[in-house]
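Enquirer: Each chain is listed here by its residues.
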Amino acid sequence: MADKVMSKRKMEKRMRKMEAEGCKYNQIKTSTNIVFNIILAVLSFICVIPFIFVVIISFTDEASLTMNGYRFIPEKLSLYAYEYIISAGENILKSYGVTILVTVVGTIIGLLLTGTYAYALSRKTYSYRKFFTTVITIPMLFSGGMIANYLIVTKVLMLKDSLWALILPLCLNSFNIIVLRTFFKTSIPDAVVESAKIDGASEWRLFFQIVIPMALPGLATIGLFLTLGYWNDWFNAMMYMDNKDLIPLQYLLIQIESSIDWLANNKAAMGVDGIVAAANMPKETIKMAIVVISTLPIIFAYPFFQRYFVNGLTVGAVKE
Amino acid sequence: MRANTKKAKKPDGNFLNRLRANKELLILSLPGGIWFLFFAYLPLFGILVAFKKFRLSGGGFFYNLFTSETVWFDNFKFLFSSGDAWIIVRNTVLYNFTFIILGVAVPVVLALLLNEIKNKGMMKIYQSSMFLPYFLSWVVVSYCVFAFLNPEKGYFNAVIQQFGGEPISWYTETKYWPFIIIFMSQWKGMGYNTVVYLASICGIDNTYYEAAVLDGATKWQQIKYITLPLLKPVITILLIMAFGGIFKADFGLFYQLPKNSGPLYPVTNVLDTYVFRALKTSGEIGMSSAAALFQSTVGFVMIMIANKIVSKVDNENALF
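Line by line, the protein sequences are chains B and R. Counting with this note's numbering, you get residues 9 to 328 for the letters of the first sequence. Counting with this note's numbering, you get residues 86 to 405 for the letters of the second sequence.
Chain B on its own, in the form it takes in the complex:
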């Protein structure tokens, strides 16, 4: 159904394009077109250039950077920051691992919780539908707030310094449930569910063998919402994580000012080799290199992200 809506939209667009070519006065003037293009091009440039600048800085030679400051066209290029991360950045690679682990586990748990809950809500025969809808509506209106959450997570659930403190608070939210429920309702015809029920399928089988395969685009959308949320999360780490071994990448970036010094000092305490290593450490470029490697997966998955986010936006907009 959602695919049909999309393809219908595409067709409409194509038709409008054909018509526009047919009757010239429905098109904007060439001069206006140029002005519009310039405005959009400038804005697009402003949107991407800061990140490109960071990439350039990460490939700049540390010495020429200290001399000239950050430059769009560096005097000398260097891969040293990346080499350093691979050869001596155990902390950084460890943080990368933490982020990947949290993202994968969190996304799987989140998809399971969101999927099952949304599926139950999407079933018209479910007697407790109203109750469970209220359960997810109230938190959208009134929440305990930061302090209350902090006290519950650290003092009642005892999750401080545990990876679960990074995973559990983010795995479910009312918005995702509503988007997915709407998707289930629009993409899975009642007839399919009913005939499966008549054939004696249990709700689990219905959910795992019929609903999930049919609702893959919707699940992919929620999966990407969750993945992005976990990958970019630093807030929960800032609140709940003091354990130096379990720091995710984004939080490492926050701490890096002090932790780079710490790294250097620590190495220096290790002896002659350490002093050499500390002296050789590219302090400025390494920060930017970590920013780049922490964003790389998002850049690679960008086409997916964009497509499914747009999907999620248009699906979520349909109510009931």
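By construction, these hints were calculated from the structure, which means they are not laboratory data. All residues carry an ideal CB built from backbone N, CA and C; glycine is no exception.
FRET-style restraints, in silico, Cβ to Cβ: (1) 254(R) to 75(B): 15 to 23 Å; (2) 291(R) to 203(B): 34 to 42 Å; (3) 133(B) to 259(R): 53 to 61 Å; (4) 291(R) to 46(B): 22 to 30 Å.
On the provided structure of chain B, position chain R as indicated by the hints.
Expert: For chain R alone, coordinates are given in the frame of chain B:
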């Protein structure tokens, strides 16, 4: 009275039947329900801390909560007599008000521009470029901005000095930050919001435009008399819902972007950052939870008012 007891008894039998009939769906929605119990409803008890002289002294959170002295509104009195409170509330509301107005104006204009340009290939490129910042975390964005604003090595100061100006100490001068914060919030969010409006524009029935073209309407007239009036419901709803969140600040924008710089607090301190700092640095649980409760309560009232207005304007789009 008797009829009542009869009625109350009858559902008892039904209750078990209903439970049995819905057993499978109930089990499917239970994991999510438990999550909401722990992460959304249990924290509501944490609100009580705002009325207490709360001290953590072993024995568990609830034990501490009920044994600590009840001071009623003393925490609130402290909060509002500190003088900070009004600056923080003013910052939160004024920034959010600006974001709400720009958050409609900028994306609507961009969506119109994107929709009108002739080369649809370029449209895709512009859209993808402007969507990019949305996928970056505020930590990454703060590094991107730092590359320009770094007082010693930053690009802006290099340019200023090249033209013979005095370098600016960006992270201590308050006067630039209202602009930087507003600019960056639009920079990060405009791509996402543009997609929302572009989707609604694509959904407008083509026959309106065909009829208008037959009547000899210019492009500008089409926008003024067809596109904008048809976008009005979407704009109204999003606008009103945004007003519901006027007391909620984007924590990353106000904390990470200015790098938590002390001299900038007068223009960057908002409710969320205030609560966080009070919790993490000074450990004033009572006062910060008073601020958090104030935020939640006013937020709740705002959402209820917003929803009331939405249901008056267009019942279809009301939250509940």
